[in-house]
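Engineer: Okay, here's what each chain looks like letter by letter:
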Amino acid sequence: MEDANTNELLRRLLGPAGPEIGCDACFEELDRYVDLEVAGKDADAAVPGLRAHLEGCPACREEHESLLALVQSDEKS
Amino acid sequence: MRTTSVAPGTTLDPESQELLQGLKSSGRAYDDACARLHALLLRAARFEVSRRRRGLTGAEADAIAMEAADDALLAVLRRLDDFRGLSKLTTWAYKFALYEAAVKVRRQTWRGRELPFEPEALGSFQAVSPGPEEDVEVRERLGRIAAAMDDVLTPHQRRVLVALAVNGVPIDVLADRLSTTRGALYKTLHDARAKLRAHLEETS
Chain A
21 MEDANTNELL RRLLGPAGPE IGCDACFEEL DRYVDLEVAG KDADAAVPGL
71 RAHLEGCPAC REEHESLLAL VQSDEKS
Chain B
57 MRTTSVAPGT TLDPESQELL QGLKSSGRAY DDACARLHAL LLRAARFEVS
107 RRRRGLTGAE ADAIAMEAAD DALLAVLRRL DDFRGLSKLT TWAYKFALYE
157 AAVKVRRQTW RGRELPFEPE ALGSFQAVSP GPEEDVEVRE RLGRIAAAMD
207 DVLTPHQRRV LVALAVNGVP IDVLADRLST TRGALYKTLH DARAKLRAHL
257 EETS
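Read top to bottom, the protein sequences are chains A and B.
Residue numbers for the first sequence follow the numbering used here, so the first one is 21 and each next one is one higher.
Residue numbers for the second sequence follow the numbering used here, so the first one is 57 and each next one is one higher.
Worth double-checking, as some hints may not be accurate.
Heads up, incomplete: computed chain B residues facing chain A, CB under 7 Å, no partners named [said to hold, decoys possible]:
(1) Cys90
(2) Ala100
(3) Tyr150
(4) Val194
(5) Ala221
(6) Arg238
(7) Arg249
Which bits of chain B does chain A cover? Going by a derived footprint, with three or more residues having C-beta under 8 Å, they are [unchecked claim]:
(8) 75-84
(9) 102-116
(10) 153-167
(11) 197-203
(12) 222-233
Hints in this document: simulated from the structure, not taken from any laboratory.
In this text, a Cβ means the ideal position worked out from N, Cα and C, and glycines have one as well.
Please build the complete structure, drawing on both the sequences and the hints.
Structural biologist: Spelled out as structure tokens, the structure:
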């Protein structure tokens with residue numbers, strides 16, 4: 021557990037290594053990205069750098085998780 | 057009546073088309089569409105608040121969800137011409153409600169709390185007795201990062217990195233306290249991380 025926490029801290033300190041978009045671009049593209057994910061399409065190819073941003077930004081990651089869950093719940097109902 | 061702004065070659069799903077048409081009309085049709093949109097936004101805001109409420113009372117959670125839905129409605133109507141039809145209109149609108157609700161919950165959770173700007177967590181991890189060889193490597197890396205934070209980062213970069221990455225302060229809360237934006241803070245965080253990674257590569 022402790023090692024997992026240490027590795028998590030390292031990850032948070034150093035962030036994603038690859039190119040990433042910023043928070044504003046993430047917000048602009050998030051709906052398209054999620055609809056592509058729900059449709060089973062390659063969202064990462066359509067919106068390069070968004071996945072890396074989600075790894076580096078907890079706030080945008082939470083909002084992505086929520087939007088994906090909400091749209092998926094709509095699809096089921 | 058407002059004109060549509062859907063990207064060329066894009067076909068809207070029937071639900072998005074109907075709602076968009078109502079929001080771009082006037083009179084009763086517009087009022088009905090706004091009421092329908094607000095109901096969707098309130099559902100999204102309640103969904104987010106219920107996931108992230110972190111100790112809020114039921115009354116606080118309800119008030120935050122309603123305020124988030126109201127703010128999101130204004131944001132959606134203000135930016136309606138930006139909708140290009142690259143997603144469903146509901147997905148596009150939901151993100152405004154989720155954003156408003158998430159930010160309000162984070163602010164409420166941290167209201168009145170002093171923000172931690174010192175990297176106490178780094179010290180506690182380094183102080184733990186070394187275990188297997190792999191653990192030692194990880195802790196040595198952490199020690200090098202802690203030293204690099206003092207050596208290569210500006211005071212502002214270090215402060216932002218410590219608050220966000222070490223102490224888990226939400227970026228919106230920090231942005232409020234420092235009178236800046238989430239985007240500007242993330243740029244600072246990104247630049248600080250890039251400096252640390254480059255320094256580690258140079259010195260390894």
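Engineer: Could you run down the list of hints and mark each one as holding or not?
Structural biologist: To see whether the hints hold, each was checked on the structure:
1. Cys90: 20 Å, violated
2. Ala100: Result: holds, 6 Å to nearest chain A Cβ.
3. Tyr150: Hint holds; B:Tyr150 Cβ to chain A Cβ min 6 Å, cut 7 Å.
4. Val194: Holds, because the Cβ-Cβ distance from B:Val194 to chain A comes to roughly 5 Å (cut-off 7 Å).
5. Ala221: 4 Å, holds
6. Arg238: 5 Å, holds
7. Arg249: 4 Å, holds
8. 75-84: violated (count 0)
9. 102-116: It holds, with 4 qualifying residues against the three required.
10. 153-167: holds (count 4)
11. 197-203: n = 3 at 8 Å, threshold three: holds.
12. 222-233: holds (count 5)
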